[in-house]
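Place chain B on chain A using the hints.
Protein chains: 2
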Amino acid sequence: MHQQREVVVCVDAIGGDKSPDEILPGAAAAVASDESLRVVLTGPEEVVAPFAESHEHIEAVSTAERIDMDDHPANAVRTKKDSSIVVGCRLVRDGAAHAFFSAGSTGACMAAATLHMGRIKGIQRPAIATILPTAGTPVVFLDVGANADCKPQHLVQFAHMGSAYAKIVLGAVDPSIALLNIGEEPTKGSQLTQEAYALMSEEVPGFVGNVEGRDIVSGSVDVIVTDGFTGNIALKVLEGLSESLLGQVKDSLTESALNRAAAMVLRPSLTRLRSRLDPDTYGGAPLLGVSGVCIIGHGSSGRSAVAAGIRVAAQAARGGLPSAIGETVGARS
Amino acid sequence: MHQQREVVVCVDAIGGDKSPDEILPGAAAAVASDESLRVVLTGPEEVVAPFAESHEHIEAVSTAERIDMDDHPANAVRTKKDSSIVVGCRLVRDGAAHAFFSAGSTGACMAAATLHMGRIKGIQRPAIATILPTAGTPVVFLDVGANADCKPQHLVQFAHMGSAYAKIVLGAVDPSIALLNIGEEPTKGSQLTQEAYALMSEEVPGFVGNVEGRDIVSGSVDVIVTDGFTGNIALKVLEGLSESLLGQVKDSLTESALNRAAAMVLRPSLTRLRSRLDPDTYGGAPLLGVSGVCIIGHGSSGRSAVAAGIRVAAQAARGGLPSAIGETVGARS
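For the protein sequence lines, the chains are A and B, in the order given.
Be aware that the first sequence starts at 513, since it is given in my numbering, and climbs by one per residue.
Be aware that the second sequence starts at 513, since it is given in my numbering, and climbs by one per residue.
Extracted from the complex, chain A is given alone in its bound form:
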């Protein structure tokens, strides 16, 4: 077996709706699948210490504070310095870990990573990306909520960051990059997208032009760039409609005894479909533009989503994601 470079991923043991019950086995599954991977758990002594003692390749760093989902992110990060999220980001900054994974508060992870890891030189705004399953190859879609108001130059940087992620984590060769817009022609759209189109045409290698909302799930490009307001709305529409549609299909399949019998036959196929559509396959949402790897899992992450997130964090760290982003942006600023 090819020996990979050893990498240490710090994992927030108490982030997410199902923490720590699903986080701990997720961490164990991740280290079991990669012999060069170590995990450092941050969280309360009584949660992380016994688990680390009984598991090889897992260490514990005890923390005394907890950032909750309803805490104000920036305030919580400033005041709760001994929380699992703040300590995790500081471990990365200090070089004790190569990456951080949390299924906790997105806002707090963003604030802590930006404050403690710092922004990559030249990056104006870190952005949150999501990796969406499509009919074709997965697509890196960003920004999905870090920046509600964007300038054209921000979108250009999002393109560079998304492209680096597609290369390093998804293995895309020469990633194709599109701008989300309300028409295909360069002159379509808002003032923001019209100006961004012009800039991206000049500055972004692999830029293929505009795509529309229906193309997000078609898998025709590797990276789709938008502002954080539009991206968040689009992502939530996708999540809401997927749940609603699959729920209604399920209701149809179980509305009579005959239907239920027929549905039994179809269950394996429909389960495969559901898992193919599961965004957790791609391991959570990377925060791009900070000087370290930070992957934010869905609040509802179960153990397999946690394991996937840790593996993606390791891969991004091994591939040198932050320095790759720094080089692209540095070369152009």
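Honestly, the hints are just simulated from the structure, not real lab data.
All values reported here derive from a predicted model rather than from experimental measurement.
Among the hints, erroneous ones may be present.
Note: identical chains are not told apart, hence a pair may lie in one copy or across any two.
Subject to a maximum C-alpha distance of 25 Å in a straight line, what follows is the list of computed DMTMM-like cross-link-like pairs (lysine to aspartate or glutamate) [said to hold, decoys possible]: (1) 762 - 792; (2) 700 - 661; (3) 663 - 707; (4) 700 - 767.
Here is chain B on its own, set in the frame of chain A:
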């Protein structure tokens, strides 16, 4: 049977991918279902005249020009004065018809209606709404593309217009109205949504606050307001994902002989589901804010979608939609 007020709907016979083949029977079905409804078809003599001669309650107005989907909308409307779309809008302006329906170019319909019917006094920007099927009651969602860049005051007017439509066409009593945003709290979102939230709280009766992208299909409110860029992206995401998901479910159901047999049993339930989700049920997208009723059908409209669109146009005309909008906006400006 209750005798309704007679109403004349002008129908573009040559608008849409399936025109005139699906438009003409759609018009016939609409008049057959409502004895106080008359249709005036606009289109080439050889298309509209024979059909009108052989059908009661259908008349024909011959036009010599055609606006194509790839014509520049505003230019086409200015230069092709004898086109089915321009003539249709002028018939409404002149009082010869009460409403106009077309499944042709959205941009051309918008330009022609704005130019020839005119804006309602006090309305700054007409908007295009779409009526979405949800798990609950249908929701009026606007703007879905007329205005890529909006000011807060525009969103306030969209709220009034959407509310009037929900009352008159969907029968909503005291419609509830929400602002599409990326968080529920008033302080969330872009500069536009934060300012719009404050204005809507003061000026819009029935305003219930922010909803997120996932709430668009939940049916929890009657009207959801957004700018035309975000609205268009959200609508296209909904359309693209619905097709993609239902297509993948269909593929799963037919991937083996056993699955196909089971799927036969489920077909009636799944067909009911599909028709419940079909947006054509609600008859196309109303252009709100112009001094006349204008309903724009999907380009792919078949005969039942055309009939639904004509019925909705008749209902909006009978309910006095433009004057209801004028009264709400006039009372506040």
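A quick look at each hint next to the structure:
| no. | hint | in the structure |
| --- | --- | --- |
| 1 | 762 - 792 | both (21 Å within a copy, 23 Å between copies) |
| 2 | 700 - 661 | both (19 Å within a copy, 12 Å between copies) |
| 3 | 663 - 707 | both (9 Å within a copy, 19 Å between copies) |
| 4 | 700 - 767 | neither (46 Å within a copy, 40 Å between copies) |
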